[in-house]
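K.L.:
Which chain is which? The protein sequence lines are B and Y, in order.
Taking the working numbering, the leading residue of the first sequence gets 161, the next gets one more, and so forth.
Taking the working numbering, the leading residue of the second sequence gets 161, the next gets one more, and so forth.
Some clues are possibly wrong.
Copies of the same chain look alike in the list, so a pair counts if it fits in one copy or across any two.
The calculated DSS-like cross-link candidates involving lysine-lysine, where the alpha carbons are at most 30 Å apart (straight line), are [to be verified]:
#	residue 1	residue 2
1	Lys237	Lys386
2	Lys237	Lys458
3	Lys242	Lys358
4	Lys477	Lys237
5	Lys431	Lys358
6	Lys242	Lys458
7	Lys441	Lys458
8	Lys441	Lys292
9	Lys458	Lys275
10	Lys386	Lys242
11	Lys431	Lys237
12	Lys358	Lys458
13	Lys458	Lys561
14	Lys237	Lys441
15	Lys292	Lys472
16	Lys275	Lys448
17	Lys242	Lys477
18	Lys358	Lys561
Don't read these hints as lab results, they were simulated from the structure.
Number of protein chains: 2
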Amino acid sequence: MSVLPQSDSPLSGVRVLDLTQIYQGPYAAFLMAMAGAEVIKVEPIGGERMRGPGGSATPMAFAMLNTNKKSITLDLKSSRGKELLLELVDEADVLLENFAVGTMDRLGIGWEQLKQRNPALIYATGTGYGLKGPDSDLLAMDHTIQAASGILSVTGDEGQPPMRAGGAPCDIMSGAHMYAGVLTALFARGNNPSTQGKGTRVEVSMLDSMYFTLSSELSAYHSGGKIPERNSRRTGGSACPYGRYECMDGWIALICVSDAQWARITQALDKPDWAGADRFKNAISRRKNEAEIEQALKEWAEPLSQADAFAKMRALKVPVAPVRNIEEVRTNPHMHASGMLSWINNRDLGEVVLANSPIQYESCERTPLTTFPRPGEHNAEVLQDWLGMDASDVEALVEEKVI
Amino acid sequence: MSVLPQSDSPLSGVRVLDLTQIYQGPYAAFLMAMAGAEVIKVEPIGGERMRGPGGSATPMAFAMLNTNKKSITLDLKSSRGKELLLELVDEADVLLENFAVGTMDRLGIGWEQLKQRNPALIYATGTGYGLKGPDSDLLAMDHTIQAASGILSVTGDEGQPPMRAGGAPCDIMSGAHMYAGVLTALFARGNNPSTQGKGTRVEVSMLDSMYFTLSSELSAYHSGGKIPERNSRRTGGSACPYGRYECMDGWIALICVSDAQWARITQALDKPDWAGADRFKNAISRRKNEAEIEQALKEWAEPLSQADAFAKMRALKVPVAPVRNIEEVRTNPHMHASGMLSWINNRDLGEVVLANSPIQYESCERTPLTTFPRPGEHNAEVLQDWLGMDASDVEALVEEKVI
């Protein structure tokens, strides 16, 4: 680490070059920034494509994923731009990229080049399918990885077309693993005697990151020998009841994973005799008589408000939650109370909700959210601070269209 | 670290007590084991409930998530059991738990107690909703967090009931963040001058971990002002075409994110005039005329085999993938070639596919997969190695039903 201010943020003093784009890599770099690292977003002149038209039209996703970073612009196709990157790499602890496999090598700034330059560098590459194996050259987006990883095959209804799981789970899942891999490598560089002071390349693919998500389906397949059908109603396990129930003004989701919970659910349903009934005595028997239970829950929920139904089951210590839409999530009082979400007055977007890191440490407060940088906003600051350039050096680089 | 063998595994010498259960915490501990840490799974006598009947009936998920760990049993409700845990904590770098909030405190072995005992300990707690905030006491399972986090609200079809995203994304996503948080804390303990030698509590919730997954939906909502409807066909963005197409024997998923890709898709469709056509000239115009494109892709795919359709689009450098079922994922040649998946002869399950860590380091080979332990299999080994007990000490603990 080049700078070690006395700060209790875990990654205080760690210097990161973030060459990533879209969701996967930016999420990894965002997590580093929120843990206190100095993250420099390195963008093409004009900025990352995800910025869209910029200013007040900047996509919320860009704002969320790039807050608390600094931005420099750099033409990595020019020889002076490459040279500048190498000079920055000399000062960096970590470089992150998620270009298509081989792009950095073709630019002459791949891992083989960079590790010669700075053997202590942690170089993290986020890919769709990994660097090795017959599919490593395939282009990947969240949607196609949902297909390749099996997620689509189990989302939707039996006999119906495969459906997309909402959101971009493959991007974010692999971004979280990418961050984890960087930290593991940083730890090994600093603490493992046999790798002390040595950098490495960290590799994470979207495809690999999703495998464990299918743990339940892989279990059902192994034990039953039957390939799981699409079933967005419930998993193949025995938990019962397990479903979503429509109230007057919305839905609740509920799952029962113990006989004690079942006994409490029968209180809500006002069917005390069901608690001891033989046909409902355990998960397997409840599963066999699921239709009767589902009907009772449906009828129970119908005349209730969502808030009421949720409160009743919650009071009975049953795993239950309201099905929240995007607005309800964004303004969720619990997430605002815990500090995960905050209303921020952003200079470009106005009053918006931005999210903090999902990881908290008792030893330090949550890092306050700042804002996403404009393209090249920190050119002068970073080139001065990292490389000792002065204003005229920076101006010359602007004129040469290198930054 | 108590033991530092010369090994290039990043976490070689790191000692971990894994008190976790089900998917979330065990995934975090699995990632530690695969990065070279010594992970001791601490189970109730008889074993974690997720083992089910055990032996050849052990669920695949348990096998996947607990490979490469050692197991000890410990009755944490007995005073001798608690005492033993404290002695183990003296020797540990990390302790992980994902009990309901407050459980460890009630047992008298919560963070407040443990940090007195070992101020260098990293204590990681995985929760549903976090330790603070009005919903922190809510019981959580993947299904209810899909509801509370907004995933259900955008999975399924407009006007239809909310649907479950296949798999257990909330469990695995938060497990990955939990691992990342532990590594961040370990790094800070070893490398940050202001926290050198100090442990901390790391906290990750399932709810918080899912927020960024909805980046696209939050963007669409922010720019359009309209709460996104359920739409498992595509996101609200402008990428077009974007869909799944049925071939003779299966489906492919495809997404087009540039005009250059669109031009190549028109080659596959044998509609060269579409590349330059005004109504398809960019994503926004293609989106307006989506029905025509969808119809053409549907007709194109119908007479082809899935393998053919995939190969044709792949050759044209379009992001495309076959929609794989669980069996096709598990036996995927690419994932086996890359070393992510392996056939393992397991003493309890026979020939099975197990997965490695999605995180790879150039500086060391993938850790070979061993097997999941039987409950208490390493009682004698761990109590001897960590606490210096001899065989008769261990035997006495068995007789007292402490282990």
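K.L.:
Decide, hint by hint, whether the structure agrees.
P.N.:
Against the structure, the hints come out as follows:
{"no.": "1", "hint": "Lys237 / Lys386", "verdict": "neither (52 Å within a copy, 40 Å between copies)"}
{"no.": "2", "hint": "Lys237 / Lys458", "verdict": "neither (61 Å within a copy, 40 Å between copies)"}
{"no.": "3", "hint": "Lys242 / Lys358", "verdict": "within (23 Å within a copy, 40 Å between copies)"}
{"no.": "4", "hint": "Lys477 / Lys237", "verdict": "between (59 Å within a copy, 22 Å between copies)"}
{"no.": "5", "hint": "Lys431 / Lys358", "verdict": "neither (65 Å within a copy, 54 Å between copies)"}
{"no.": "6", "hint": "Lys242 / Lys458", "verdict": "neither (63 Å within a copy, 45 Å between copies)"}
{"no.": "7", "hint": "Lys441 / Lys458", "verdict": "within (21 Å within a copy, 49 Å between copies)"}
{"no.": "8", "hint": "Lys441 / Lys292", "verdict": "neither (51 Å within a copy, 36 Å between copies)"}
{"no.": "9", "hint": "Lys458 / Lys275", "verdict": "neither (61 Å within a copy, 47 Å between copies)"}
{"no.": "10", "hint": "Lys386 / Lys242", "verdict": "neither (54 Å within a copy, 43 Å between copies)"}
{"no.": "11", "hint": "Lys431 / Lys237", "verdict": "neither (71 Å within a copy, 34 Å between copies)"}
{"no.": "12", "hint": "Lys358 / Lys458", "verdict": "neither (60 Å within a copy, 52 Å between copies)"}
{"no.": "13", "hint": "Lys458 / Lys561", "verdict": "neither (65 Å within a copy, 46 Å between copies)"}
{"no.": "14", "hint": "Lys237 / Lys441", "verdict": "between (68 Å within a copy, 28 Å between copies)"}
{"no.": "15", "hint": "Lys292 / Lys472", "verdict": "between (52 Å within a copy, 22 Å between copies)"}
{"no.": "16", "hint": "Lys275 / Lys448", "verdict": "neither (60 Å within a copy, 48 Å between copies)"}
{"no.": "17", "hint": "Lys242 / Lys477", "verdict": "between (59 Å within a copy, 27 Å between copies)"}
{"no.": "18", "hint": "Lys358 / Lys561", "verdict": "neither (35 Å within a copy, 47 Å between copies)"}
Consistency note: the structure conflicts with the earlier hints numbered 1, 2, 5, 6, 8, 9, 10, 11, 12, 13, 16, 18.
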